[in-house]
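Participant: Between the sequences and the hints, there should be enough to build the whole structure, so can you do that?
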Amino acid sequence: MSAITRSEVEHLARLARIDMSDEELDRLAGQLGAVLDAVAQVSAVATDDVPATSHPVPLTNVTRPDVVRPGLSAEEALAMAPAAEDGRFRVPQILEEDA
Amino acid sequence: MSAAPQELDLVDYDEAVAQFDPVLGLEVHVELSTVTKMFSGAPTEFGAAPNTQVDPVSLGLPGALPVLNAKALESAVRIGLALNCRIADRCRFARKNYFYPDMPKNFQTSQYDEPIAFDGHLDVEVPASEDGTKPAFTYRVEIERAHMEEDTGKSLHVGGSTGRIHGAEYSLVDYNRAGIPLIEIVTKPLTGTGDRAPDVARAYVATLRDLLRALDVSDVKMEQGSLRCDVNLSLRPSPEAPLGTRSETKNVNSLRSVERAVRYEVRRHAALLRAGERVVQETRHWHEDTGLTTSGREKSDAEDYRYFPEPDLVPVEPDPAWVEQLRATLPEPPAQRRRRLQGEWGFSDAEMRDVGNAGAVDLVEATVAAGAPAAAARKWWTGELARRANADGTDLASLPVTPEQVAQLQSLVDAGTLTDRLAREALEGVLAGEGSPAEVVESRGLAVVSDESALVAAVDAAIAANPGVVEKIRGGKAQAAGALIGAVMKEMRGKADAARVRELVVERVGA
Amino acid sequence: MSVAELVRWDAARLSEALRARVVSSEEVVRAHLDRIAAVDPAEGGGVNAFLHVAADSALARAREVDADRARGAELGPLAGVPVGVKDVLTTRGMPTTCGSRMLEGWVPPYDATVVRELHAAGLVVLGKTNMDEFAMGSTTEHSAFGPTRNPWDPTRIPGGSGGGSAAALAAFEAPLTIGSDTGGSIRQPAAVTGTVGVKPTYGGVSRYGLVALASSLDQAGPCARTVLDTALLHAVIAGHDPYDSTSIPEAVPDVVGAARRGADGDLTGVRVGVVTELSGEGYEPGVLARFGEALEELRAAGAEVVELSLPNLVHALAAYYLILPSEASSNLAKYDGMRYGLRVTPEGSGVTAEQVMRATRAAGFGDEAKRRIILGTYALSAGYYDAYYGSAQKVRTLVQRDFAAAFGQVDVLVSPTAPTVAYRLGEKLDDPLAMYAGDVATIPANLAGIPGMSLPAGLSDGLPVGLQLLAPQQADDRLYRVGAAVEARLVQRWGAPLLEQVPEWKGVPA
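Going down the list, the protein sequences come from chains Z, V and U. For the first sequence, our numbering begins at 1 and goes up steadily by one. For the second sequence, our numbering begins at 1001 and goes up steadily by one. For the third sequence, our numbering begins at 2001 and goes up steadily by one.
Heads up, some of the hints might be wrong.
Which residues of chain Z face chain U? A partial, calculated answer using Cβ under 10 angstroms [stated by the list, open to error]: (1) Ala3; (2) His11; (3) Ile18; (4) Met20; (5) Ala34.
No lab work stands behind these hints, which were simulated from the structure alone. From the three backbone atoms N, C-alpha and C, an ideal C-beta is built for every residue, glycine too.
Facilitator: Shown next as structure tokens:
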């Protein structure tokens, strides 16, 4: 049931921002198909009456007071940046504006 | 990309709304005025040097974890309550996954199908049109949801045309804004506005702004981006027809722009529909300078945010007792308050609108509370002070004068200590930081001369120096007294009560 | 006592000797640094348990602790004892790579809460231990910096993802290490190296500064050569942390007390459940034989041993391999070459941020990481969410219910930790499903958020077998009591701790 096509893997790789060679796409399509076959059983046991568990320990309402905590200086923030300029992170041109 | 009609191609607005029924949707992002970020203790000060308001969480460093700001949660609940929303018994945060350089984790922590507040409404007073041809009315804006999320960083585009993304060679990113708490307030589709769609949109954002200000949860400064508006618009052939395809215009950041953007999109959609073209579902950008929208990113089906519950934050279950406590302490809704104050102050609709437009309701209220008559308070704030704020490019609340000082100034006028002209001079001094009105009057020597004998002497001197004028007055030309009064006022350097001087002149001339 | 002998002492013994000032922390630390230099370097055919050795800062810290002790300062029980930290925890001023090219050379500007706790308790951090890239793997072969070797047999895997932390213990390079366990990454390496490892209750140890693989499954925990040492380290790193929303606010159970109590070997009145689904088919005979002996010892200790079925555990592996990749695909999105770490810029002009992200992620992630990111992207995408991620979260509920029912009848559950002993390096490299199947016994605890321990159960063909103990959430102390009792009895049965049998390291055969 879980045949996954090469073009699907290509789409996923684009969503995940990973360049992949044709050879990689083919290999992954095969491996993912096998993995998906192996895990597909979950939908059979996950009936409507079973609630989903997103958090293993049932904590709620964890907040912190609105008080400043010591953070990082601009030097610390930028120390590991691949490129920086004028106290900012320098990144290549951005094509599309977004939300 | 679709054929973007040029401005020339637009349909006349009145024709457009005569032919089509507009449907609005408004998404407002409000930056909360918390001291720290939504999920970490990094400060949120506006205008700080780049990347100085950051910590491992707001930079999305490996290993960092979010913890919800209690004040932001409280603000979200208060906003929800003020918008007559239901507050969720339980809700979770979700990750909205997409890549963008100004988003440090490449996902935004937001709320998806479990918003903190939902199903509310806000009644909006839409004013009559300027020319009076379209009446005032009340419109109920149905609120879909209000949810919590975090802001992104800010990119500065370098190279190409300055500051614009297109043609830029590279970008510089500042993460100070990343993680600042946002509340996104989304309306349901707003129908039935007809030709008043732009007015409804503007009135809604203005009312929402006043409400948020009254709640004291945000600076609501549209020009600084602490209140940002996205305008969704579609047209349909008739109110019975299904909803048309909508455009989403981003970056509409003033009340006037909200109105203009709606108007523009109505005309553009109408042009497309009339030409038999398809309206593209897309993001559009509003350009304040040209008053145009331009096509941005087409909403492609490839966009897949892969929302899932945020495992690093635990569910929120607001205690009903706490919610009721917050509800009990909500401020009076701005529209209701405005009606109450208008009644108390005895202002006409036009006067009240002036006060509202000047953003002076709170200031007038405080000035009245400090003892000034309402009419006088209104005149100060919408007159002299509004002119001054305008000249300085600031807002009334930022002027260096308090409502108490304005009330003191007025009480000096009412006591006859200051004339209107002297009062304005005293106000100059207060604004210049010379102290309280009384101190300025003292230091600048502005008080009206109330020493009767000095006035009498000056009047007598003027009579003696102007026998010709005296003759005319005695001959029945009462208006000639003006020359004597002028001479006295000149002698007194303006610091006399002109009415009293007139009385003395008449008395001493013996006419 | 020769200084070289110090490396074979356990932490409890070192602690006593340090407190009695028989040895100095500097001597202890130097002995371990010497041992690391002798057996670890990968280029010399070594174990390759350490990715970074912080010799200078460790010695400096050791001298500080010695000075504090000389001044009569109040010091914790493990003050001056060296510890290795899995390279998945952030360390200020020390590289943190997560075994990935993506973070090669990245020096975090902050310490993980666990690391801060180690420093505060006076432990001396020797360096950072090797791991599968971003903790994805069961062999440590998926480290970008070469595999770690199993000290019992250098041609075999040391388990994973925390193979470095486990091998460092078995090779006497450190008496204590920190691991992290998302699906067994502490317990399975412990099993195949003959050491002890505990995955605490989810939320029992802070995740702040633990670089996330799958946030709802990850848990840092203690690794050592004895149950008591593990408890001593557990007590240092556990506790509430306001920087982690999922951190449990309640007090940590008395794990050290439980370990001391269990050492008397008496488990009278303790009810032990053998999980039907986690023994039998798919488990090597040698593994089952050692497991059977451990059960004998439990009965001999006075425990009541019953067999229990947890029927939904058969779906745990499937649910896990949907939840983990889903969360990982999101957690690993931040590695994009914009702010830190690797940046790869493709050739040509007009290169965009998106192109750099794609090239960086293509070059920075290894195959296993890519495989899981793509799988997770798929499982979360529109149209598949309900069938995959949503269903997996429901299975999680079923697994939790099974455990709740089981713990209504017994105090702890037991199983072999892994179905096999350490296999050969490279054996399952191209068969991800076979590798994933090895996690079948450890994964359920992560899904349910319950604590689990692996401790040595003996050898099969000269290779270690692990016994896994599971307890209810926040009952980590039960693991230590039962674990210490089993350990005491098995050591008596063997005549010496299992690690006495580990061969002297002779390097990787040519």
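Participant: Would the hint on His11(Z) be counted as holding, given a Cβ-Cβ threshold of 10 angstroms to chain U?
Facilitator: Because about 9 angstroms separates His11(Z) from the closest Cβ in chain U, which is inside the 10 angstroms limit, the hint holds.
Participant: Can you verify the interface hint for Ile18(Z): is its Cβ closer than 10 angstroms to any Cβ in chain U?
Facilitator: holds (5 angstroms)
Participant: For the restraint on Ala3(Z), tell me whether the closest CB of chain U is nearer than 10 angstroms.
Facilitator: violated (12 angstroms)
Participant: Is the shortest C-beta separation between Ala34(Z) and chain U less than 10 angstroms?
Facilitator: Holds. Min distance 6 angstroms.
Participant: For the restraint on Met20(Z), tell me whether the closest CB of chain U is nearer than 10 angstroms.
Facilitator: Result: holds, 7 angstroms to nearest chain U Cβ.
Checked against the numbered hints above, the structure violates only hint 1.
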